[in-house]
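Protein chains in written order, with this note's numbering: chain E, 1 to 139; chain D, 1 to 165.
Treat the hints as calculated values from the structure; they're not laboratory data. Note that CB positions come from ideal geometry on N, CA and C, so glycine has one too. Careful, some of the hints might be misleading.
Claimed, not checked - FRET-style restraints, in silico, Cβ to Cβ:
id : chain 1 : residue 1 : chain 2 : residue 2 : range
1  : D       : Y129      : E       : F47       : 24 to 30 Å
2  : E       : F47       : D       : P24       : 26 to 32 Å
3  : E       : E105      : D       : G111      : 45 to 51 Å
4  : E       : E108      : D       : D127      : 28 to 34 Å
5  : D       : P47       : E       : L96       : 45 to 51 Å
6  : D       : E80       : E       : R106      : 39 to 45 Å
7  : E       : F47       : D       : P61       : 39 to 45 Å
8  : E       : P54       : D       : G133      : 24 to 30 Å
9  : D       : K94       : E       : T113      : 41 to 47 Å
To be verified - Listed next, the stretches of chain D that the computed footprint assigns to chain E, with coverage defined by at least 3 CB atoms under 8 Å from CB atoms of chain E:
id : segment
10 : 15-26
11 : 79-85
12 : 127-140
As the list claims (entries may be wrong) - Cross-link-like lysine-lysine pairs, in silico, DSSO-like; alpha carbons within 30 Å at most:
id : chain 1 : residue 1 : chain 2 : residue 2
13 : E       : K49       : D       : K131
14 : E       : K49       : D       : K132
15 : D       : K40       : E       : K49
Listed below are the residues making up each chain.
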Amino acid sequence: MAHANLDAVQVGDQLPGTSFGPITRTMLALYAGASGDHNPAHIDIDFAKRAGLPDVFAHGMLSFGGLAQLVTRWAGLVRLRSFGARFVSMTQVHDLIACTGTVTERFEVDGETRLRINLVAQALDGRQTLLGEAVVAVG
Amino acid sequence: MSDADVAAKPVGLFDRSTKGLALPTVSVEVERGRIRFFAKALGESDPIHSDIAAAHAAGYPDLPAPPSFFMAIEAMADEERARLGQPSLVALLKCDFRRLLHGDESYAYHGLVFAGDALQLDTRIIDFYEKKGGLMEFVTIESSVSHAERGTLITATRTLLHRLG
């Protein structure tokens, strides 16, 4: 896949936005199997109801993976130096998640130019679900 | 139980005696099929994670793992721990899935993980703390993924929490 030329990127630039979902129960079942996170709160509605929840809710790490794709599609996997996120609210079944990123800093580490990117995952109703940060290498 | 016993009872559900515990090093092997399945579950469109020819064309020796594949490495390590008769991380922490949430997760990447890699996972339970007047309790866990020749590939820091309210 072709990636962006990061030499010309400036602080304030936006990454091309992506979205994923709407979240389905099938997606949660597949993610449980693939990731090995078998927490029943994500895949078993009977368990969720016994735990006092109205329904199963999405693995935070499913959205985390979607948010990471925003960065790797733009910069390329090999340029990713760090990636992290806080899970600020639950992602629900049927949520469509929009992922956005903004370049906030250009800096040097060990002779390598890097970009810091602020990341937000947000449901259609405006509810923020993940707040993240990535660092990518330029060049 | 007297009032004094209730007052002295530690807050929360995590087993806080595990603070500082380093779990035994676990070896895991990364299979192509697991990377393909993980990439598919994420809706990953880049063929480098599923198509060997695409991975080679991009200059990789085999299918590279997506950035959040650490979760699968941790799960594989737990399967290996179970085979060895060792408790899983969530069992050691006494996680209660009815109340468990993920607080945050972050990775520093020092190198890529590829299909075929034999990896070692080291995990340490760092600390416990509360927020919101004890309505939430947190545990911080640090892990590193390393390869015999390529050294440390990923360092991971994560926070899990129980809703206690």
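Hint-by-hint comparison with the structure:
Range check, Y129/D to F47/E: about 27 Å between beta-carbon atoms, so the 24 to 30 Å window is met. Our hint of 26 to 32 Å for F47/E and P24/D holds, since their Cβ atoms are close to 30 Å apart. Between E105/E and G111/D the CB atoms are about 24 Å apart, so this pair departs from the stated range of 45 to 51 Å. Under the hint 28 to 34 Å, the C-beta atoms of E108/E and D127/D, about 32 Å apart, fit the expected range.
At about 25 Å, the beta-carbon gap between P47/D and L96/E misses the expected band of 45 to 51 Å. The hinted range of 39 to 45 Å is satisfied by E80/D and R106/E, whose Cβ atoms lie roughly 42 Å apart. Checked against the hint of 39 to 45 Å, the C-beta distance between F47/E and P61/D comes to roughly 41 Å, which is consistent with it. A hinted range of 24 to 30 Å for the beta carbons of P54/E and G133/D is consistent with their spacing of about 25 Å.
As the Cβ distance of K94/D to T113/E is approximately 45 Å, the hint placing it in 41 to 47 Å holds. Residues of the segment 15-26 of chain D lying with their CB closer than 8 Å to a CB of chain E number 0, which falls below the three-residue condition for coverage. With 1 residues having a beta carbon nearer than 8 Å to a beta carbon of chain E, the segment 79-85 of chain D misses the requirement of three or more and the stated coverage is violated. Note: the segment 127-140 of chain D has 0 residues with beta-carbon separation from chain E under 8 Å; the three-residue rule is not met and the coverage is violated.
For a cut-off of 30 Å, the pair hint linking K49/E to K131/D stands: about 25 Å separates their Cα positions. The suggested pairing of K49/E with K132/D holds, with an alpha-carbon distance near 25 Å, which does not exceed 30 Å. Between K40/D and K49/E, the direct Cα distance comes to roughly 29 Å. Compliance with the 30 Å bound is thereby established for this hinted pair.
Of the numbered hints listed earlier, those contradicted by the structure are 3, 5, 10, 11, 12.
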